[in-house]
Structure formats: structure tokens, C-alpha cells
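Participant: In case you want the letters, here they are:
2 protein chains.
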Amino acid sequence: MELNVFSTEQWMTDHEGSAIFNLTDTCVRPLMLSELQAMDHDHLLDHITMDYGTIAGDPRLRKEISALYENADIDNITLANGCNEANKLVIETLLEKGDRVITFTPGYQLFTSYPESMGCCVTALKLYEEKGWLPDETELGKAFEQPVKLVILNQPNNPTGTVFPLALQDKLVVLCRKWNAWLLVDEVYRTPQLPSVSDSYAYGISTASLSKTMGLAGLRLGWIKGPEDLIHAINYRRDYSLISTGPLIDTLGLVAMQNREFLQKRADSIISRARQAVSEWLETENKCSLIMPKTGTVSFLRYDADIPSAELCEQLQEQYGVFFVPGSCFGCEHHVRLSFTKDPEYMKEGLQRFSQYLRESGK
Amino acid sequence: MELNVFSTEQWMTDHEGSAIFNLTDTCVRPLMLSELQAMDHDHLLDHITMDYGTIAGDPRLRKEISALYENADIDNITLANGCNEANKLVIETLLEKGDRVITFTPGYQLFTSYPESMGCCVTALKLYEEKGWLPDETELGKAFEQPVKLVILNQPNNPTGTVFPLALQDKLVVLCRKWNAWLLVDEVYRTPQLPSVSDSYAYGISTASLSKTMGLAGLRLGWIKGPEDLIHAINYRRDYSLISTGPLIDTLGLVAMQNREFLQKRADSIISRARQAVSEWLETENKCSLIMPKTGTVSFLRYDADIPSAELCEQLQEQYGVFFVPGSCFGCEHHVRLSFTKDPEYMKEGLQRFSQYLRESGK
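Residue numbers (my numbering), protein chains in the order written: chain F, 1 to 363; chain R, 364 to 726.
Treat the hints as calculated values from the structure; they're not laboratory data. Worth double-checking, as some hints may not be accurate.
[What the hints assert, rightly or not] Calculated cross-link-like contacts (lysine-lysine; reagent style BS3-like; alpha-carbon spacing at most 27 Å): (1) R:K460 <-> R:K505; (2) R:K451 <-> R:K512; (3) F:K149 <-> R:K451; (4) F:K178 <-> F:K131; (5) R:K460 <-> F:K88; (6) F:K63 <-> F:K88; (7) F:K97 <-> R:K512; (8) F:K97 <-> R:K451; (9) F:K294 <-> F:K126; (10) R:K460 <-> F:K149; (11) R:K494 <-> R:K505; (12) F:K287 <-> F:K348; (13) R:K494 <-> R:K541; (14) F:K88 <-> R:K512; (15) F:K97 <-> R:K650; (16) R:K494 <-> R:K628; (17) F:K142 <-> F:K171; (18) F:K88 <-> R:K541.
Can you build the whole structure from these sequences, using the hints too?
Facilitator: Quick look at the structure:
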């Protein structure tokens, strides 16, 4: 089945290993396994049998996850190996060749390339930087003049980090209702203060994982929250791939969720100090500008230099060891993805090197 | 994307929990996590950072896996969350709508239903019980008169447990060469004494996992061995789903592989004692017959009673607590899948209950 190379992921794979200053990694500093084990106050890890576990996922874990939503119980939740797989399972379950899909750009490539690979017709509505990375409402309305099967929203968006204001979310839900369109909201960057868009709509679906703010990408644990019938259909489909996430990952996921408040505080502290470092740097760097997102770990930095983003990123990494994913991976030039996941001193040093590059390259 | 319910997996999900005598489970008695941890003599688990790890999989683990084959190195290996996902990744990567696929029946449903879901044309060649669960060679030859894109073989077969004799394997490879057809061999039940069919053909692919004989289904760790170009293409596709299996699963998989000899001996002992119990029981039960496979954990038991297999399995479990997957899940009536994974006393008690059911039901 033809499928485009996933530019962002391949850029990460090809460049991450040689980075000295990784200013683009979307996960807060990962925990050590031993740190997570130390949070297992009930000694759940001492009693794990390495069979398939509960196929739909440990009910205790699904219970904890359902509490992240206003209107979910465990039958509204199923698990996957990360949020990408969760998204893929939803897309495969809902779409047939020829279906219309609406998503947004710059955005995460999976939302366009995967439905296209299935023969769907994808409209990627532009997010305008001058509107704070929001769509044009007239264009949005027009996109719903024809039948729509699925809308895919990334909230906060990757790479811009921005969130649709409540009024725009409401408008989007009204438009979805017109066609009973499914609304898949990838909320992998969601923090607790943000409501889930999926809660406001009967055909709303939320996907997320423990990878980003929880610092546990190594668990590869994601989930899907949605209407019970859809969750059943996805569970049938999971028999053809992962079958289950297994009792070890489920138990470690449960331990993480039991300690969510602590992990979230840790993330908030890392993110806010990194944001502060970026804000201070921006005051000194007039060749760059940023629409600072209100939450999450990613943002989309604009640079004022006459060089395509992929070339800039290659040069910058080669000469200064500073690693960004270029805007070209998100279909938007003269930007790089800048994240808020590292210690402030590290961020400052990396950003200063970027400034030095911009000065010396003279573009 | 339309996809049939996976009958075997759903039967397992629906019935396994209430089984008293599970005589159909394909995995030898699972290890406890603590047993696996105790095998970590190099203390690899003490130093795991919970990030994405090496995206294509820990090279040390891929090295250990490559040693299971005659002609593989680490670039011929990629990882997946279990063998089903490994198969699915291969199928998705190789096939386009309209492609012809050859597989065998009774067999594992994924090999027919998943390509069919993609719009492929699947020929499932019959395995004849009277030929020792082998295909008719004339029918096999005829199936290759038209172009073939992919052949999927399960070796040992699930559910029959049988293995193609070497001469038939060679013939199959010759037929594949005619069309440069890919040959995917699901070797999840392979034991070390069996050569890998994939080693004998340039377009050969092997999939497997640690679930069955290693007793580690809970790791959900499978792999694909194939030509390097194909592995690259699959790695691109993995960016859209699992991304990586993660450093924790990779490390535990490495520990298991480092202790493979011990784990294999453990499996051999469990399997041979269970086979012995089945053989002894068969001498006393004239309503049942079995082509005893030479290796692996599964077999396909024929019963002489006038009742469809699903109904028999429902009644048997309800009345006697004995759990089998019915032949109907594999498209072959009047059989049940019987596995060699439990202690002999447990096997004997379950089989005697089955005999009692057959006597009392009077069918």
C-alpha cells in the first residue's frame, strides 16, 4: 500500500543521534525506568504474569484514563502502542476509499498521508500565522459544503502548539454535526487545564499517550477514547496487529497514572523554565519570531533568513550541533519546530548558537 | 476499511477468562516478570531511559535475533509489537489492491482476511488431513499458473502444527521464483531444530515472536527478518504506527534472547510432557484422532461426533470447563485446536472431561 515517507519522523531518526543541542524533541526529559519503578508504592510490578493480559487493556488503567475525560468510562477506552498507532487504528476503522477528510496545515503528516494512502480525499485547511495559527473561518465553512466523513484536529497542534479558542471549537462541532462527521482530536500534547474537544460531541474521539508531558515515550503507551461501538470495532481490528499492549506496559502505565499529579508538576516546571529561556532569547534575537503557545511542549519558530528550512537545519546541526526539525517537514517554510523540553541552561546555549549561525551565515 | 472479525482471537477473548481447563492456549506457561528480571545477569534493566530508544530496535537485540537465521545481520531485522503486527506490516508494505495472494487452509485467518480487506485476491489452498495436512501438489502447481505477488505460509501451521517436508518447501520456492513472488513465512511456532524457509529464497521473509515457546507473550515483542530494502520500507511504515518498540521491551527481549537456551529447554520439557499426556489419552479415546505434529505447541484434533465445532466447544466449556478454539474459526469443521502448553496432570484431567462429554452427549 503506497505510503509517503513520514518526513518528521525520518528527520528525527536521521538527525537526532548526532545532536548536541536538541531543541526540537517533543517529550519532556524522559524518566529512568528505576524512577518509575520507585513510584510503584503498591508493589504491582511484583506480581506480573507475562501472558497477553486483559486483551482490551487492564481495567484499572482504563479507569484512570477515563477520568481524564468528562463523559467516559472504561468501555470508552482502548489502548495502543503510542498515540500514532491509536490514530492509525481510528483512521483505518472509520475510513473507506473515497471518503472526505478535513485536517489542518501546518500539521502532523499522519493526518494527511495515511488517509491519502487509503484513497481518501484530504482537504488540509491552512492555519494562518497572522491569525495566530488559526484557520480562516470562511474557508472552514466552505470545506463543509460537501459531505465530510472525518475531521482530524491536533490540539495543541504539532508543530505550532496552538489551541483553537472555545468559540472556534464550538463552530467546528456545529459544522461536524451537519454531516455527522467523526471528529478525531489528537490530544497528545494536552495538559490537564485543557478540556478535551471530544467531550463536547457525540462523534468526538480523543487520542493521547504517556510520551510527551509524562516523559514516558519508552512505554509506547497510547489510548483512544470514543463512543463504545467505535471502541469495540477498534478492538476487533487490534486482533490483527498488537492484540494487547500486555500486562507489563499496562501495569507501568497504571503506576504512571497513579502518580500523574507529580509527573505533571515535573512537566510543568520543565516546560515553564524552557519557555522562559526562549522568551528571554527572543528579546535579543530580532531575526526570529514566535507565536508563543499557551500550553504544551512544541512551537513553530519563524526565522528571517533567505534559506530553505531543511538546508538551514542541516547547516546548523553540522556547524553548531543544534538540532531542529525543519518547517518543510510540516509543509511550511522558514520555520523550525522549537520545543520546551530541556533545561534552561541547555536551551540558552543552543539558542545562542542558533543566533550565532544566523549572524555568521549572513542570509 | 472493512475487515472481518478475527474469529480465533475473538473466540479466545470471549471464552478464555472462564476456562477451567484451557487446552487450546498456544503459549507455554508464561514466565513471571520477576523470573525474567532474575535472568538479567548484566543488570541491563538498571540503566534504561524511557525515551523512544533506537527507532529500528536495539542493535544488540537485532543481533541476537539475526543469529536465528543463516543469512541475516541486524539490517535484515526490524521489530514489532508481536508477530501479528509483524505480519500486518509486511502485508501492508508489499500488497496493493488487486494483487494475488496464495495461502493455505486450515490456517491463520489474518493471512486471508487482511489481504482481502486491502482488495487483494486470495487463494487459500486446501491442506488435506489425509495427506498429513499437506496441499495437493497439482492444485499447488495450478495456483501458480497466474501471477502471484505474495505467498503466506505458517510453519509450523496454526492450527495443524504441521511442517512442509523439505522437498515440498523446495518446490514452493521454485514456484515462487517463477513470478518473483514474496514468500512470507510466519514462524512464530518454529523451534531451533527447524530451518527457516526464509533462508532458502531471496524474497523470503520470516516473522516470529517471543510469545509462544519462550512464554513471554506479555512482552508483545515480534520481529521481521527479510531483505534489507524491504526492512527499510517497513521501518518507514512503522513511523505511522508503533514508531519503536521502546527501550524497555527491547532490553527485556535481549535478556530473554541471552537466556534462550534455558527458555527453550523449559519449553521443550513442557511441550514433550504435554504431548505424552495427549498420546496416552488418544489410546483410550476412539472418538478422536490426531496427526501428531513433530514440533511446536499446536495441533488440530478431529472428533467423531455429529455436532458443529462451535456448538461443541460452547457446550464443553459450559458443562465441563474445558476450553478449545473450534475448527470453525479455521474454516474446518469437526476439529478443535489442541495445544501442548500445560502440565500433564492438567492436560489429562481436561482431556478426560472431554471424553466424558463425548460419551454423555451421545452424538
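Participant: All hints are to be evaluated individually against the structure, with a verdict given for each.
Facilitator: Here's how the hints hold up against the structure:
1. Of the supplied pair hints, the one linking K460 of chain R and K505 of chain R holds, its CA atoms being roughly 22 Å apart against a limit of 27 Å.
2. Between the alpha carbons of K451 of chain R and K512 of chain R the distance comes to roughly 15 Å, so the proposed pair stays at or under 27 Å and holds.
3. Between the alpha carbons of K149 of chain F and K451 of chain R the distance comes to roughly 25 Å, so the proposed pair stays at or under 27 Å and holds.
4. A distance of roughly 26 Å separates the Cα atoms of K178 of chain F and K131 of chain F; the hinted pair therefore holds under the 27 Å criterion.
5. Restraint check for K460 of chain R and K88 of chain F: satisfied, since their Cα atoms lie roughly 19 Å apart, inside the 27 Å limit.
6. For the proposed pair K63 of chain F and K88 of chain F, the alpha carbon gap of about 23 Å is at most 27 Å, so the pair holds.
7. For a cut-off of 27 Å, the pair hint linking K97 of chain F to K512 of chain R stands: about 22 Å separates their Cα positions.
8. About 19 Å separates the Cα atoms of K97 of chain F and K451 of chain R, which keeps this hinted pair within 27 Å; it holds.
9. Taken as a hint, the K294 of chain F and K126 of chain F pair is honoured in the structure, with Cα atoms around 20 Å apart against an allowance of 27 Å.
10. Taken as a hint, the K460 of chain R and K149 of chain F pair is honoured in the structure, with Cα atoms around 22 Å apart against an allowance of 27 Å.
11. With a C-alpha separation of about 18 Å, the suggested pairing of K494 of chain R with K505 of chain R holds against the 27 Å cut-off.
12. Of the supplied pair hints, the one linking K287 of chain F and K348 of chain F holds, its CA atoms being roughly 16 Å apart against a limit of 27 Å.
13. Taking the CA atoms of K494 of chain R and K541 of chain R, the gap is near 26 Å; set against the 27 Å cutoff, the hint holds.
14. For the given pair, K88 of chain F sits about 25 Å from K512 of chain R by alpha-carbon distance, which is consistent with the 27 Å threshold.
15. Taking the CA atoms of K97 of chain F and K650 of chain R, the gap is near 50 Å; set against the 27 Å cutoff, the hint is violated.
16. About 31 Å separates the Cα atoms of K494 of chain R and K628 of chain R, which puts this hinted pair outside 27 Å; it is violated.
17. For the proposed pair K142 of chain F and K171 of chain F, the alpha carbon gap of about 13 Å is at most 27 Å, so the pair holds.
18. The straight-line distance between the Cα atoms of K88 of chain F and K541 of chain R is roughly 36 Å, outside the 27 Å bound, and the hint therefore fails.
Hint check: violations occur at hints 15, 16 and 18; the rest are consistent with the structure.
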